[in-house]
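Line by line, the protein sequences are chains A, B and C.
In terms of the numbering used here, the first sequence opens at residue 259 and continues consecutively.
In terms of the numbering used here, the second sequence opens at residue 164 and continues consecutively.
In terms of the numbering used here, the third sequence opens at residue 14 and continues consecutively.
Be aware that one or more of the hints could be misleading.
Here are the computed lysine to any residue pairs in the SDA-like style, where the Cα-Cα straight-line distance is at most 25 Å [claimed, not checked]: (1) LYS254/C to LEU450/A; (2) LYS716/A to THR29/C; (3) LYS716/A to GLY168/C; (4) LYS327/B to ALA277/B; (5) LYS716/A to ALA19/C; (6) LYS791/A to SER309/A; (7) LYS236/C to TRP78/C; (8) LYS254/C to ASP837/A; (9) LYS254/C to LEU316/A; (10) LYS254/C to LYS716/A; (11) LYS716/A to PRO759/A; (12) LYS16/C to GLU798/A; (13) LYS254/C to PRO759/A; (14) LYS428/A to TRP78/C; (15) LYS716/A to TRP78/C; (16) LYS716/A to LYS154/C; (17) LYS254/C to GLN276/C; (18) LYS16/C to LYS428/A; (19) LYS154/C to THR134/C; (20) LYS428/A to THR29/C; (21) LYS428/A to GLY524/A; (22) LYS254/C to GLY352/A; (23) LYS16/C to ALA728/A; (24) LYS327/B to LEU347/B; (25) LYS716/A to LYS428/A; (26) LYS16/C to GLY435/A; (27) LYS254/C to GLU798/A.
If you are wondering where the hints come from, they were derived from the structure by calculation, not from laboratory data.
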Amino acid sequence: MAQHASLLHQPVHSAPRSFIRRYIFSTDHKVIGIQYIFLGLFSAVLGTAMSLLMRLHLAWPTTQFPLLERLFPNSFPGSIMSPESYLAVLTIHGTIMVFFLLTTVPLSGFGNFIMPLQIGARDMAFPVLNMLSYWTTFVALLVLIASMLVEGGAPISGWTAYPPLSALGKIAGPGLGAGQTLWIASISIFCLASLLTALNFITTTLNMRAQGMSLMRMPLTVWAWFTAATVALLAFPVLLAGGILLMLDRLAGTSFFLPSGMVVSGEVVSHFGGSPILWQHLFWFFGHPEVYIVILPGMGITSHILSTFSRKPIFGYRAMVIATFAIGLIGFLVWGHHMFASGMSPFAGMVFSVLTLTVGVPSAIKVFNWLATLWGARIRFTASMLYSLGFVSFFVTGGITGLLLAQPAIDVYLHDTYFVVAHFHIIMGLAAVFSSFAALQFWFPKMFGRYMSEALGKLHFWITIIGVYAIFIPMHFLGMAGVPRRYAQFTEFAYLSRLQPLTVYISIAALITGAAQLILLFNIFWSLFRGEKAPANPWEATTLEWTISSPPPHDNFGDADPIVYRGPYEFSVPGAPTDFTLQTVPDPVAASSGSHE
Amino acid sequence: MATLNYVPPYVPVPPSDGGDEGPRRLPPGTERIGMLLLLAAISMMFIGLTSAYIVSEAFGPVWDQLTVYPLVWVNTAVLLFSSCSMELARRRNSLPWLLATLVSGLIFLAGQIAVFGLLARHGFYLSSGRQASFYYVLTALHGVHLLGGIAALAWAVFRRRTAKLGVIAIYWHFMDALWLYLLLVIFL
Amino acid sequence: MGKLAAIFFWLLAVVTAVAFIVHPIWLPELVSVYGVDVDRQMNVTFEIAGVAFVSAHILLGFFLWRFGSNRPGPALYWHESHRMEITWTLVTAVVFVGLGLQGSRIWARQYLTPAPADALTIEVVGQQFAWNFRYPGPDGKFGRTAPNLVSDSEGNYIGLDDGDPAGADDIMTQNIVAVPVNRPVKLLLRSRDVLHSFFVPVLRFKQDAVPGMIIPVYFTATKTGEYEVACSQLCGMQHYKMRARLLVMSDADFAAWLSKRAQ
């Protein structure tokens, strides 16, 4: 197989010379990490634009927008967004954000760049595979975009693509023909890319650590990426299995998910023996671990940055490692909480409910440990610190509403309402994204040799945190009032149109906050070229990436491999000359007494 | 918790000299770990599919019982033989046995396609019902993965590589075991 | 900056707490027996969640206010306490799992017990994009249906077999369903095509309608009135318009309504 070729015959670490080998088809983990981050950034812009189109229509469903008709004539007949276009935009928004932003940036983006540096490795275990991972992801994104451009447009079945709607083809609605097929293809390709990434992360963490880098001296970011990669390795194949079966139902006349007796658009559909609920089981068996793949790196990044800017070791390092594992493991056992109203056995519902509440326990432990880290600290309020504090807040807020959704008696009311939309946007959209903002501001100097603007970062932080809380906390009330999800507009129900003022308010808040993201975009691109030059260790941090230049040389550590003598969060060690001690600083007292980690 | 403090044996990497250098040396066991992880992922996909198969029994009547053609057992025997030849090739660093493994794999695949033909001739198509659908899907996916293994074998034969076949061997044996598991699930 | 952040998180905690306590927009009126338990459990859970949310943010703000880098002296090199870890793990586990068990009891009481024997049975068949209802009529039996008998143009939305005598007295409506007040009603949920979901907010009731399955669920409405039924499982283009009306009436009114429909 391919990796054997790379190991035996490819001179991996000669610095490549051509532009293509350096920046396009690079096998250097640092370049690949940056490629992923830019892919994620592009996806974020596209996904955000889609969400703003949705909010525009929800708030003003009967208002004409001639400019939009000019740009997207098929979707805005009569200058008003058609319901199928709303659903198509909704589907692409969800898909592109979950997969191409949230699953790539925190794990494949920052993980690729930083993880090998933090364990003292020269590169990932399988660099060629790494390059293939990125380009496969890129192809998956192209296929997804293609689904918007074919006849019928993008699918209207949501990012969850429940059959029968997603399996019946065009007779069930527009966009369900070629668009849906391409969507399934895109997701399947993405599964393969994730598999390669996961392989690389796990192998590298296990086998490529520098001398002295025991497992319990690894930064919590490395633990987080390792656990997230393990979860990805085991969860994505199940999505692929489901995708294959769904594709066959669509194209080959099979009936994995399609029962008999359906009459669609006046025609009797000849299928038999399948169950739509089977898809839900397969999808959510992947889908729930997926959200942990998204959030675990964010938790690791938060722990890391909180410790750094508190000038204190992270509180409860061992408990944090155990909690990370616990979340990864128990996360595989709770998928049924997405299915309480699906027709699944009510007894199974009870089991899933108790397990879901159990997975809240390690999450709570992490919050306690973050708070304890701040106790007695000497906090430096940099932009990345602020974003990380925002993560803690969002994680509490979003996680706490999980207490309601985990109980089926309550969830059957709130399921498929805006309460759920608020819950997952706070946890996925806000917490995970803020951890990426924090990571960006934190590691940008290392990646590019220049600081991002602290002032713009702080401005962006404040506008965004106020803005997104202004959007999503009121949204809970829409859910409590019973406003269903995935409605193109609220004009057809008395109890919904009564709430239109709140919908309008949310849309206005969204438009303002969305516009404010331009500050971040400006900060990124301006800093790339004009940012103040950064030294090797601008934040006075302790982990290995800060022992090398900013940006690092091609082979990371130059002539001498690093040797690690201490744990990753040795801040304010009593008796030390500075309030931070790099992991590579030997300490004769500590080394001989069995090393205090 | 001793294992958490374990540091793997350290293999120093030669320093970069900016020019062409020889192959990069990885710490021992790296490829093996990668292969085991790959097999874990492949297992999860087949576990997903086979549990879908088992659970779907409850959805409706089983219309058609597939007959187990003798050819299926012949193919299975060929695959088992290929595992033996793979082991012999690995232990004895033998090119002929490696070639035998490759050829057996191809024969197995040809036999599987022939079984598809038999099924079709008897009226069992991909869409003919639960057991038939799953048979086609599981067998075809297994075949695709086996083809990957065959490609690796072909590359090894082409390169006359008879040493360090351990990683390919793990994959090959896994494909064999997977086939036995699938037979068990579909026909029992 | 630390003090600013502290003020922000304190304000967030207070404003959110007040908003949820005052709740200008909240659950609709409650009109079912089962919903009483649901609403109570929701309130209990909100109280616990609220305490956690507010105290986490108060603490967070307090630490940010107090422990800025300009505070004299080094940071406290303290990073482990087994006693604290065990304490907060246990407390959280007890509270969370306790909530879960209590919630499960309410769930089991409704969903793991069959409908009362005297429940009025109504069949609900969702389709793109309407709700069809069928009453069994005086004989108490539903007539046979078949997909190939469906004809939208003739108004036979569920494919009722005219040849089946049991179906002769079946009463069918579309997008409107009436039930008697204070009597248990059993719904047999079905779907003709894709997934739909029958959501009646005032009853705190929601159940997916799955093609190929007949899912029985029941409720008892406690107040007369007209209420809206919304589809809550994405079913296609007109998902947002798939609306039915639920009429809860006295026994006498219900009988009259039904006999008028029978003609």
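Are LYS791/A and SER309/A close enough, with their CA atoms no more than 25 Å apart? Between LYS791/A and SER309/A the Cα gap is close to 36 Å, so the pair fails against 25 Å, i.e. violated.
Between LYS716/A and THR29/C, does the CA-CA distance stay at or below 25 Å? Distance ~23 Å between LYS716/A and THR29/C Cα, so the pair holds.
For the pair supplied as a hint, LYS254/C and LEU316/A, is the alpha-carbon distance within the 25 Å limit? Status holds; Cα separation ~14 Å.
Can you confirm whether the C-alpha distance between LYS428/A and GLY524/A stays at or below 25 Å? holds (13 Å)
Assess, step by step, whether the Cα of LYS254/C is no farther than 25 Å from the Cα of GLY352/A, and give holds or violated. holds (22 Å)
Hint check: LYS716/A vs ALA19/C, CA-CA at most 25 Å. Holds or violated? holds (15 Å)
Compare the distance between the alpha carbons of LYS327/B and LEU347/B with 25 Å, and conclude whether the hinted pair is satisfied. Violated. LYS327/B to LEU347/B sits at ~32 Å, over the 25 Å cutoff.
Against the 25 Å threshold, does the CA-CA distance of LYS16/C and GLY435/A hold or violate the hint? violated (56 Å)
Restraint check for LYS254/C with ASP837/A, where alpha carbons must lie at most 25 Å apart: Cα-Cα ~63 Å, so violated.
Next pair to validate is LYS716/A with LYS428/A; report whether the Cα-Cα distance is within 25 Å. violated (48 Å)
Are the Cα atoms of LYS428/A and TRP78/C separated by 25 Å or less? With Cα atoms ~59 Å apart, LYS428/A and TRP78/C exceed 25 Å; violated.
Are LYS254/C and LYS716/A close enough, with their CA atoms no more than 25 Å apart? violated (44 Å)
The structure fails hints 1, 3, 4, 6, 7, 8, 10, 11, 14, 16, 17, 18, 20, 24, 25, 26, 27 (numbered hints given earlier, in ascending order).
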